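Engineer: Each chain, written out:
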Amino acid sequence: MNANPAQSSTNSSKKKPFKVNKFLIGGIVLFAAVVLLVITSVKGNAQYYLTVAELMTGKAGSQGNARVSGVVLGDTIMYDQQTLELSFTVANIPGDNKEIEALGGLAQVLHDAAFDPNAERMQVIYRGVKPDLLKNEAQAIMTGKLGADGVFYADELLLKCPSRYEDSVPEQAQP
Amino acid sequence: MISIIALGLLVIALVITVNAIVTGVFAARNGSALTLESSRRAALAVFPLLTGVLVCLLILLFTGRFEYAYVYQTTEVDMPFYLKVAALWGGQEGSLLFWCWLLSGFSFIALVRQWKRDRDLMPWVIVVTMFTLLFFLVLVLFFENPFNRYYITMDGQVMSALFSTGFTLLADPSNGMGLNPLLRHFGMVIHPPTLYLGFTGFVIPFAYAIASLIKGRTDDHWIRATRKWSLAAWLFLSAGLVLGSRWAYDVLGWGGYWGWDAVEISALMPWLTGTAYLHSMMMQEKRGLFKHWNIALIILTFCLVILGTFLTRSGLLSSVHAFSESAIGPAFFVFITIVFIASLVLLIWRWSSLGSAYPVKSFFSREGLFLFNNLLFVAIFLICLTGVLFPIFSELFTGQQVTVGPPFYRRSTGPLFGLLFLLMGIVPLSAWGTSTAKRLNSEIWKPAVVSLTFPLAAILLGVRQWGGALGIWLVGLVICVTLFDYARSVGVSARNNHEPWWKAFNRLTSRNRRRYGGYIIHLGIVLMGLGIIGIEFFQSETQATLAPEQSIDFAGYNLTYKGLSVQDNVEGREAARAYIDVSKGSRNLGTITPRHDFYYTAEQTVTLPGLRSTLKDDLYIILVDWMPISSDGATFKIFHNPLIKWLWIGSIVLMLGTLVAMWPDPERKTAALEVKAGV
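If you're matching them up, the sequences are chains A and B in order. No gaps in the numbering here: position 8 of the first sequence is 12 in my numbering, and each next residue is one more. No gaps in the numbering here: position 461 of the second sequence is 453 in my numbering, and each next residue is one more.
None of these hints come from the bench; they were simulated from the model. It is possible that some hints are incorrect.
[As the list claims (entries may be wrong)] No more than 16 Å apart at the CA atoms, straight line, and that leaves these computed lysine to aspartate or glutamate pairs for EDC-like:
| id | chain 1 | residue 1 | chain 2 | residue 2 |
| --- | --- | --- | --- | --- |
| 1 | A | Lys149 | A | Asp159 |
| 2 | A | Lys164 | B | Glu595 |
| 3 | A | Lys139 | B | Glu595 |
[Stated by the list, open to error] Which stretches of chain A does chain B cover? Using the computed rule of at least three CB atoms under 8 Å from a CB of chain B, they are:
| id | segment |
| --- | --- |
| 4 | 31 to 44 |
| 5 | 80 to 86 |
| 6 | 115 to 122 |
Keep in mind the model is a prediction, meaning the values are calculated, not measured. Using N, Cα and C, we set each Cβ at its ideal position, and we do this for glycine too.
Using the sequences and the hints, build the whole thing.
Structural biologist: Written as structure tokens, this is what we have:
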């Protein structure tokens, strides 16, 4: 960038505007490189956040990876410890935070969805270690692809158990 | 009774905080010593008051008063003592109160220690810290009160409220729900408070920066006066991040240490801008450069601290770390907006008076390279911010929530971290002022050539990934340059003073703690980098179902499954342990015991990996499942993580280096004493 020492030392005292431009150009080059880095990295790795219903009704099309959130139905959890294949069914829950709040909070929504016979359901297959938090009425957030067979093949599985954190009131409260 | 005392203290603290702010503003405007004294006393009084509140909550937690919602949700009767202390920050309400307490403690220390020296700035320092405290106190008192109790209404509903509202009965549960079993780990006990110490520590430099802007002081005083605060905050923030990774590695059992989770990133972001600030503040202290930049960075860091606290609590992001969703999201949003805009307006107002001492002349001068270092940190921060906010903005603009996962962050920040390592290698040998690539080359070629032995050795040992080899070269470069420069200075000094090298080393380090503390921090960082390169590039994994006495060969080790023990009812859980003998060739290397615990009350399993850790590599085994009846085998997932131990060793080196840099200089101390004696 600055290979000629003699020239640079004379320039620095005489042509000040040139120096300012040099750093401006350097900054722009760096900025452009970072933007390019971000764009190329987003392209391969973007995941569309969908609800089970949206995914099952094909609203999403077949675009890339999807990130789906649903409630785990405890009875459907099956685990083959030989192949580490984990299979379970999730039921649809609303994707919008405000909607969830309006329905009485996440714990309530999860509980209701698990018992709602009309909620869309989807089978999920995940290969790996069975997560500790995978149990009935937990919220599962899965990343992966919907196969042609209607089964969701998850590469990543994140679980949240709102009952542990949310306002759950004591059960045996006695006066 | 206790809660009445606590609430009373809280209300008094709130009123006094408001008083400190109002009198602070008046004192700053009319300069009356009396008003200022009143403001100071108010600001000092908040800390003991909040300590009282904290003690009240601790008493409730220790004595198991489960009618209090917070106590019910975070503790249970037979929890060990240290976990009951940890329950203080185990939930939303308590952790906010803890935040307030730390903040008031820090402003207390700053007021006591720096009152005489920085009298002109103090009114505004009080105003800024107390305003921040006021916001958090309002949250604690009106939105997330830890002293809420459970009441049973006439129709049998249970509700939590601060006071009885007629026709309700106080609930009296006999036991609580206890802390989440995943959080019952020593790392998790100290990870949150360490992180909070780092977060709140940045309040003081920020308050000084704002005070200087308002007063129109354009010198470097605010930076010098708060240098140790910044370093300490940075130290705690770094330690908090590392403790979190260590917890993930030990407990979460996915074989990793960092998941690019939104909340992890929101703690990393202030670290990135804070690190940039630590570098650029040296430029201002030594050469009077980057004045705007420093103020902008400290404002940004402080806003990111608040943003990080906000993101964890708002429920805006889905993450394993998130507390429950709550109503305090909008309040945080308003507060951050006010702080950010007000600080920015102040900075623009004083913009023209904050000129640099001289313009940066060439790319390869030390100033130019420091500038580049700062831009890289900010670039990494911007990438992280983009990633975290991506779902929110994509929903705003396209109606479709799109998230980006760990591969995005790895791909986009990896090269920039590599460049930072390169800079770490180059900068110690660069010259101030006008410099050229040629001049830099003449300094650097010797250590650079030596450092090539690192990747060569790696390739000879079988490394075939160019990314990994490149990373190892960068690590080698930093180590070589740092040691080379250190050794050269020690050599010169030993020759000039005719003393043995270790004496010269001691003298040099104690004379120049900041420089060599910085070098030690750099060594710590590259060692951590070595661990990260090891696990990112060279991790391998396998899974196997083994019958007793069956063995498997993996990563050069021979693993034999010896058996399983399942014990019922060990401290409220069913504990399964598998025993695996490790050997290499004919050498027996010991037994690894992965665990699988089931907590009865929480109805939750916790899978704790078994670990054999050496400087060269870690064997990390997870007990996935076993067949209890036929007992003919168990399934394991096995990771081989090369070099990961260096991540933890490096972090300890980093902390030591920071302590060296923070240690008071002997000369400065005597100078300060002389000044005192003179007065």
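Engineer: Look at each hint and say if it fits the structure.
Structural biologist: Status of each hint after checking the structure:
As the CA atoms of Lys149/A and Asp159/A are separated by approximately 8 Å, the hinted pair is consistent with the 16 Å bound. Proposed proximity of Lys164/A and Glu595/B is supported: the alpha carbons are some 14 Å apart, at most 16 Å. For the proposed pair Lys139/A and Glu595/B, the alpha carbon gap of about 9 Å is at most 16 Å, so the pair holds. A stretch counts as covered by a chain when three or more of its residues have a beta carbon under 8 Å from one of that chain; for the segment 31 to 44 of chain A and chain B the count is 7, and the coverage holds.
Coverage of the segment 80 to 86 of chain A by chain B holds. Counting CB-CB distances below 8 Å, 3 residues qualify, and the rule asks for three or more. Against chain B, the segment 115 to 122 of chain A contributes 0 residues with a C-beta closer than 8 Å to a partner C-beta. That does not satisfy the three-residue criterion, and the hint is violated.
In summary, the one numbered hint that this structure violates is 6.
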